[in-house]
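With the hints as your guide, set chain A onto chain X.
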Amino acid sequence: MKRTNPLYLLLILILISGLAGCAGKNKNEATNKIAVVISTLNNPWFVVLAESAAGRAEELGYEAQIFDSQNDPAKEAEHFENIVAMGYRAILFNPTDADGSVLNVKRAKAAGIPTFCMDREINSRDAATTQLLSDNFTGCVKLGQYFVKQLNKTGNYVEILGLVGDNNTWNRSNGFHSVVDEFPGLKMLAQQTADFDRNKAMDVMETIMQANPSIDAVFCGNDAMAMGAYQAVLAAGKSDKIKVFGFDGADDVVRGVAEGKIAATVMQFPVLMARTSADLADEYLKGKRDFKTKTPVEVVLITPENVKKYLPQN
Amino acid sequence: MNKIIKYILVILAIPAVVYFSLDIRKLDEYKAENTDIKFDATEFAAQFWDTQLADCIIKAPDANVVIPQLEFNPETVFEKYGHKLGISKTYYLIFRGSGLIEAVEEEFLLVRTDDGTKIQVATDFIFGNAIRDGSGKIDINQFINMTDFNNVSVALNKLAKDKVVSRLKKAARAGMRIEFTGATELNEDNTDISNIRIIPIAAKLIDG
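Protein sequence lines correspond, in order, to chains X and A. 1 is the number of the first residue of the first sequence in the working numbering; add one for each residue after it. 315 is the number of the first residue of the second sequence in the working numbering; add one for each residue after it.
Chain X with its partners taken away, still in its complex shape (with noise of 0.2 Å):
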């Protein structure tokens, strides 16, 4: 019997995969299922996001699956090349970098599978659908306002970052010095990034009181650190003296704003932003296409003054 040549099998396999993906192309349409890929499930704020999506997307009649990009650029293009082979019909999407995610972005667009922004942005007009942001910016605005009048214009501070390929750190850093650098008696001895990871927040507060030992408030970017920057004031016993401020509007960050631990949150709505965003969804599945490519959602500041209207319920 004659062998067949192997290049000869591998020209007719090349075919066949080719076929197949043309062939793929057309396939988004007989799924019923969304995505909700979030940048990172270790942060509880981030968890409520997905499941929050998520949900949201099953009540519609979705069926949905939540990826995690582990804050890992890599991870994610892995998932949008998973989702488009996979025929989704829709991305909820929290992107890991808002340059490097525009890309991910774009490959789902050309395979017809539209994206929806949630909490963090990309740097495109119109790669995603549309993108629903908290106004980072405006609410630290409010807060480095407070955060003047707390300290009563003068004082030394920290800052703590997030993480710095999010546009969310510079918002909000970039608000809360709009405000704070406009007056000169407030004195900034330190900024460090902790890549809004609690554990990381504390270590680098510790280290800064090491060398800073007249600080008297310290701005952190979101609450997980807020919580780990408070948790280093009270080891070295200067919770009396140093005011902490954080991001988000977390529970036990708001529990702390009322019991006098935290001076002041700025506090974001994840489930609002997921279930609209799922909602949007939907709206563009069933044939809806003039979106804005951008639609901020309200933050609100939270203090001891207003704390009350926004403690849990539990």
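Every clue listed holds true.
Here are the computed lysine to aspartate or glutamate pairs in the EDC-like style, where the Cα-Cα straight-line distance is at most 16 Å:
(1) 261/X with 216/X
(2) 432/A with 421/A
(3) 483/A with 493/A
(4) 153/X with 438/A
(5) 292/X with 453/A
(6) 475/A with 182/X
(7) 472/A with 182/X
(8) 403/A with 298/X
(9) 149/X with 438/A
(10) 472/A with 354/A
(11) 398/A with 298/X
(12) 309/X with 503/A
(13) 472/A with 181/X
None of these hints come from the bench; they were simulated from the model.
Only chain A this time, still in chain X's reference frame:
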């Protein structure tokens, strides 16, 4: 015959491999997305101030109309004169008025308008989005990211401080009359008219 089939397969396979390996896009599209032009918020704000905001000042509703409606029918004020950004309970609007400066406080001028309402004309803490969003003329969709959009607010607030507030701080005295146009933010849940604070975008002082 086998050779012919082989050649046909090669001819078909090569473009298939190329197609699935490369991302081919129009050059114009790529250039539009990869522009190195940085957004200049200061320039944008300056141009906006001189053109569209000047128009808003001319067309601003009077405090005598806005404030009484705000007290009894705030929804009408929000609908007719207010602008909201995204999902929010905050409305921004621009209105004008005139009245007597009752007191010069550390952070504002306390003005009693001609119909008796007290308004704070801010002279410190000039922050927020009241000017940008109160005009209703700056569309968030124009901006590639929120940083650029927010920098417009910063630049507009700076212009308000430089062009209007600094002059008021130097010259305003209790007992003087003031004609003003200003931007304010109001919340659906709190339309207390005893607490209205405006960022002035135009003002004229008249000796009392």
